[in-house]
Amino acid sequence: MSPSNWTWFHRLASPPYFYRLAGRLAPWFGWAAALGLAAGLYGGLWLAPADYQQGDGFRIIYIHVPSAYLSMMCYMLVAGASAIGLVWRMKLAHAVAVAAAPLGASFTFLALITGSLWGKPMWGTYWVWDARLTSELILLFLYLGFIALHQAYEDPRSGERAGAVLALVGVVNVPIIHYSVVWWSSLHQGSTVFVGSKSDISASMLIPLLTMIAAFTCYFAACLLKRIQAEILEREQNAGWVREMLEQT
Amino acid sequence: MTSLHEFLTMGGYGAYVWPAYIIAAVVMVANAIVPGRRLRRMRAALQRKDAA
Amino acid sequence: MRALAALVRRDLRLCFRRPGEVATPVLFFVMVAVLFPLGLSPQPELLAMVAPGVLWVAALLAGLIGQESLFKSDYEDGSLEQLLLGPAALELVVLTRIFTHWLTTGLPLVILSPFLGLMLDYPVQAFGTLVLSLMLGTLILSLLGAVGAALTVGLRQSGMLLPILVLPLAVPVLIFGAQGAAQAARGEDAAAALYLLGALLVLGVTLVPFAVAGALRISLES
Numbered sequence: 081m082s083p084s085n086w087t088w089f090h091r092l093a094s095p096p097y098f099y100r101l102a103g104r105l106a107p108w109f110g111w112a113a114a115l116g117l118a119a120g121l122y123g124g125l126w127l128a129p130a131d132y133q134q135g136d137g138f139r140i141i142y143i144h145v146p147s148a149y150l151s152m153m154c155y156m157l158v159a160g161a162s163a164i165g166l167v168w169r170m171k172l173a174h175a176v177a178v179a180a181a182p183l184g185a186s187f188t189f190l191a192l193i194t195g196s197l198w199g200k201p202m203w204g205t206y207w208v209w210d211a212r213l214t215s216e217l218i219l220l221f222l223y224l225g226f227i228a229l230h231q232a233y234e235d236p237r238s239g240e241r242a243g244a245v246l247a248l249v250g251v252v253n254v255p256i257i258h259y260s261v262v263w264w265s266s267l268h269q270g271s272t273v274f275v276g277s278k279s280d281i282s283a284s285m286l287i288p289l290l291t292m293i294a295a296f297t298c299y300f301a302a303c304l305l306k307r308i309q310a311e312i313l314e315r316e317q318n319a320g321w322v323r324e325m326l327e328q329t
Numbered sequence: 009m010t011s012l013h014e015f016l017t018m019g020g021y022g023a024y025v026w027p028a029y030i031i032a033a034v035v036m037v038a039n040a041i042v043p044g045r046r047l048r049r050m051r052a053a054l055q056r057k058d059a060a
Numbered sequence: 359m360r361a362l363a364a365l366v367r368r369d370l371r372l373c374f375r376r377p378g379e380v381a382t383p384v385l386f387f388v389m390v391a392v393l394f395p396l397g398l399s400p401q402p403e404l405l406a407m408v409a410p411g412v413l414w415v416a417a418l419l420a421g422l423i424g425q426e427s428l429f430k431s432d433y434e435d436g437s438l439e440q441l442l443l444g445p446a447a448l449e450l451v452v453l454t455r456i457f458t459h460w461l462t463t464g465l466p467l468v469i470l471s472p473f474l475g476l477m478l479d480y481p482v483q484a485f486g487t488l489v490l491s492l493m494l495g496t497l498i499l500s501l502l503g504a505v506g507a508a509l510t511v512g513l514r515q516s517g518m519l520l521p522i523l524v525l526p527l528a529v530p531v532l533i534f535g536a537q538g539a540a541q542a543a544r545g546e547d548a549a550a551a552l553y554l555l556g557a558l559l560v561l562g563v564t565l566v567p568f569a570v571a572g573a574l575r576i577s578l579e580s
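In order, the protein sequence lines correspond to chains A, B and C. Numbers given in this note's numbering equal positions in the first sequence, counted from 1, plus 80. Numbers given in this note's numbering equal positions in the second sequence, counted from 1, plus 8. Numbers given in this note's numbering equal positions in the third sequence, counted from 1, plus 358.
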């Protein structure tokens, strides 16, 4: 493993470099998200035909599935960044985790709300104790616990490291929690399988869905980069490079 | 989707579909503007601190 | 190894000197279990149906109450730092500490559970499964609770933060334990649930000490 292979990694860990890179990349992701959302919404809300069983009510899927997907990807990101921060003692990695968590919690919240609104006309109740929704609810608690923990510390640098430990314990638990909830749900067969019970989904429904997932991911990247910038600025406010950068503007 | 009326009522499911989209829009717009405003506030505060 | 044995003896002696710390989780367990019939209905059919879940949730909550004391007093008088600097590996020290703590906070709940089960119309034939599930479960809960305790020990006002952190992690334990107890109550085979609990316990014993040691180091550096 020659040193030159890892310079990109170490450069990325430098706050001024990452700050500038984030500033350059964020608008691109933002515009990509806007275009993707427009295309996905047009395809999903206007072009795609009404579902045979669920009528137009199925269209909530275009928010629910991307939100749920991102809520889980974001937790993986928080855990991954936490691991990098703890193992390589890289403070910027902790900044990424701290910045990503509220976004992940927002998506989890959206997944739960849209899931609930989807469930009411389809299955009669605003809440269904099926495996997916129940797992999402527990994921929300995991996010909120992470945020509460690192904010409870007086020293933010210790706080984010404590949060990182919690995130790693949490990520090991996530597959266990999911399996236990699926097992529990299968014991009490009353609950129906919620999302994705249709084995074949037509292309006219699928393409806007994939577009929306991509658009949500770009949106997430744009928001995350800006949040990381704010985190960096807060940590490095007394640094020379910040002063220089502000003088240039 | 054939008509504006069908679009707005979502074939009878409008009361569920539209609140879902509106809540999503509110959350996503909020998450998009909050970091930008925080950044601008911090830069302004730091510039004032440097000037002083 | 001698250091660990000394540690165990010291911990047990301290617990006997502070009976209040031992009694509180036990009292809470009993009270919560008593609240459910009062809140629902005293009908035996209903109680029998909810008994496994009620006993398990009560044990979970009572166990969490007991976790606060795991590191707190040692943190306050400085002996926690001494443990970090001591000769034995921190992970082993942590494991022994968690076990001795369980002896005074978790084990009493396990012993009491059949009596509460009688009050909640839990069938006597299933007591064995109930006790076994709670024994495994409270051990796992002590391990998970230790992570929460280590992460919050240095905070001035942690309040309910420890339970909030630990409860999501405890969901699988609750599910396997309570469902196993319910299966036994219905006369079904609860082996799967018990094996799953055992697997969680093994996983916890191997991984938790490292997490707790790391968390203690972080808590003590500030």
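Think of the hints as simulated: they come from the structure by calculation, not from any bench. Computed from a prediction, not measured in an experiment: that's the story for all the values here. Backbone N, C-alpha and C define an ideal beta-carbon position, used for all residues, glycine too. Treat the hints with care, as some may be off.
Quick list of the computed label-pair ranges, beta carbon to beta carbon [what the hints assert, rightly or not]:
1) GLN55/B <-> LYS430/C: 42 to 50 angstroms
2) ILE287/A <-> PRO27/B: 24 to 32 angstroms
3) TRP207/A <-> GLY517/C: 48 to 56 angstroms
Name the hints, by number, that the structure is in violation of.
Structure breaks hint 3 only.
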